[in-house]
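With the hints in hand, could you dock these two chains into one complex?
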Amino acid sequence: MNDASRPTLSAKARLHYDRQRDALFLLWSERGLLLNRSAGEILKLCQGDESVSSIVNALSSQYPHTRRHVIEEDVHRLIRDLSRRGLLTLE
Amino acid sequence: MGERPYTLTAELTYRCPLHCAYCSNPISYEDRTPLVTDQWCRLFAEAEAMGVMQVNLTGGEPLLRSDLEALIAHAHHLGLYTTLITSGVPLSRRRLTRLRASGLDAVQLSLQSTDQGLADRIAGLVVHETKLAVARWTRALGIPLTLNIVLHRQNIEEIRDIIELAEGSHAEKLELANTQYLGWALMNRQALLPTKDQLEEARRIAHAARERLAGRMEILFVTPDYYAGLPRACMDGWGRRHLVVSPDGLVLPCHLAHTLPGLTFERAGTRPLLDIWECSEGFNRFRGEAWMTDTCRTCVNRTVDFGGCRCQAFHLTGHLEAVDPACRWSPDHHVIQAARDQAEQKSERAPLRKRTLQMVP
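Protein chains in written order, with this note's numbering: chain W, 1 to 91; chain G, 1 to 361.
Only chain G is shown next, with the shape it has when bound in the complex (with noise of 0.2 Å):
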């Protein structure tokens, strides 16, 4: 077997009482019948047998699932290092402490701003003070606690406070994840792309922060691609590490896989997921170099980011194996130079249009 997977991402639902306006999940999708938890049960299993590590239980809202104590005791059951990616929208004290107990390992809250009112505009609902009680019950029952808040232009500039209030909550990690410009966040872009010196400000202090905290509370800030000038090592390479699962048990190489047109994904439980890993076309498609146009297979940098990010690519030129716009040798990258000069324009605040379930019928 040439690649292993290492983390299932295991999206339990993509239910959300969230209408973040960079959401990661598709746009639209077909309303199928979600995994129950035996199929879930089962795929743990499966997926452990062929390496997997870490389980990422995430969504959607992955709270809104009944079954997510079972599920995670039966991950830990399994070995596996569980982790709760949630908005922690709607948890009592009382249910953590049970998720504690099942044996989860560690939680991922997401934070929207310092700024109580932003945060609730682009959460959608009045969550802010509801998220920082699941920050301290998250520590007070000693379970190790990653901050994430979604960087754009509206919300960059309170870098310092929002590296403060992780600190205050003492967060093991903090991520300062700069917007990635696909689904949701591509249609929002105007309004949340942030301008260079944003951007330059936001680093600067992050890194100084970094340093200052080493040890006590790991930053993670990662230039973003649209002004890196080079492409990200999405999900590690495609169909390298990564092993997504969307409520409905489709099996993909990364959550948006399945909005690229002409690629068929398999279903978990129709045949071993280790043949579906290893065999299906979806997952093969991108696999090694041999798609790669010649700009990227000639490239030094392609064991490095893999060819970048198919469906930034796809989305952004139309064509799936584009090199990546955000590379500075795609025959596309004006697209990218034309964002972020339209990110410099001191123009009214471009209006956010919000996340909703959108299911195709």
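Extracted from the complex, chain W is given alone in its bound form (with noise of 0.2 Å):
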């Protein structure tokens, strides 16, 4: 993963939404993970058509009182995470 990787949710994977916990899970065969705030807004812009640094400025700008590292930390670490659970393809 470098900077201008696009994630892009895997095929297998779905986001959805919850209203009994007004949060959102991703979804795969068998298998959900509930999503905290800052995974769901992250993983809402892995759609392929950004890079990892416009996903953090997008954040960055959303989120005015977070430092920015703070913010670059959470997005590669969960980037990283999915990907690896093959949740999340790199192109």
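Heads up, a few of these hints could be off.
As the list claims (entries may be wrong) - Under 7 Å between C-beta atoms, here's a sample of chain G residues computed to sit facing chain W: (1) Gly51; (2) Tyr81; (3) Asp161; (4) Gly215; (5) Glu218.
Keep in mind the hints are simulated off the structure, nothing from the lab. Here a beta-carbon is modelled for each residue, glycine too, at the ideal position from N, C-alpha and C.
This is the structure in structure tokens:
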């Protein structure tokens, strides 16, 4: 992964809004992950048309009171973890 | 509401063209009228309203239902993630295309062995080649594929070949599912339970492959409770996360709960599904910790394994509340130990009793 990589949810995975928890879940076959708010915001941007750095930029302007390097670490960690589980692909 | 279900397992029929000797369906059951399309559709809608996100369409063999397309379309319309859990028989590429067009999200395909002869002997039918074709069609249509193989002493040493086959099939996931000794598998335990060495070797190979294939193919290998010394968190706990509905509409916390004596389960459609989930006697029987023996109630693991498997506890001890004998702290753990000792003996291969449909008149 580098700043220009464009992460995309893999074909098996889908974001699902859960009314009861007012939260997003990441669903794939027979499995699901409850996403915290920042993970949900990041994954909404993982549609294949945004690079890692543009995702960080977008979230930095959305959350001006959070330091950029904190956001950057969050984004990198999530993308790395989910790629390793085959839930995101990097283009 | 304390607990909510996340997954609905819809057992669309107990009928199946295969006769696997470890089938997880009940050995016998009452032959009641199966739910019809509209009843399943209403059930899906009620489940979705309660928070269910996933529907696993299984059986028996769900492909035997001609309304499978309609059921998938309805589940898809409700926003549910649908997985078809299938033997792949009988299926054509054309029908799989239709199922995908109806909104099917993923396929879990069972294999019996990488050896065609053994695979067909276990299935009781010549189907191995057909299944490989189904795996190819699934990937060609862009459908996420899980391969599931039930491991036992007759196929566990093929594990390297199994992993290779799964890689070659471009499966997203490989479930190396150690046999759970209930129902048919319990009846055939002597022929199925692997030795400790067989299991250790399989685990070593599976773990190495999991590292090697990370990001490409997920590999699931869980040490079976017979060798773990600890019970498994059956269904993530009784009535906590899962709804199972039998072909005739019984709403259950697990697929064998209705084989336990003295528990009352209710039929879908007789009252709202939410009421059945929250209030039915059968669902509440083993929720929480009040039902547990002191051994479980005072154990640090009770919030991890939720007291293990009630079906296993009952079928091995005759007591519903007994500590799951898979647990090393169970007073009945010797039952498990005896089965393991027997597995170590190099006896003639025990005969397998093939699954048949046995209905209680």
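Status of the hints after comparison with the structure:
no.: 1; hint: Gly51; result: 5 Å, holds
no.: 2; hint: Tyr81; result: 5 Å, holds
no.: 3; hint: Asp161; result: 22 Å, violated
no.: 4; hint: Gly215; result: 5 Å, holds
no.: 5; hint: Glu218; result: 6 Å, holds
Of the hints listed earlier, the one the structure fails to meet is number 3.
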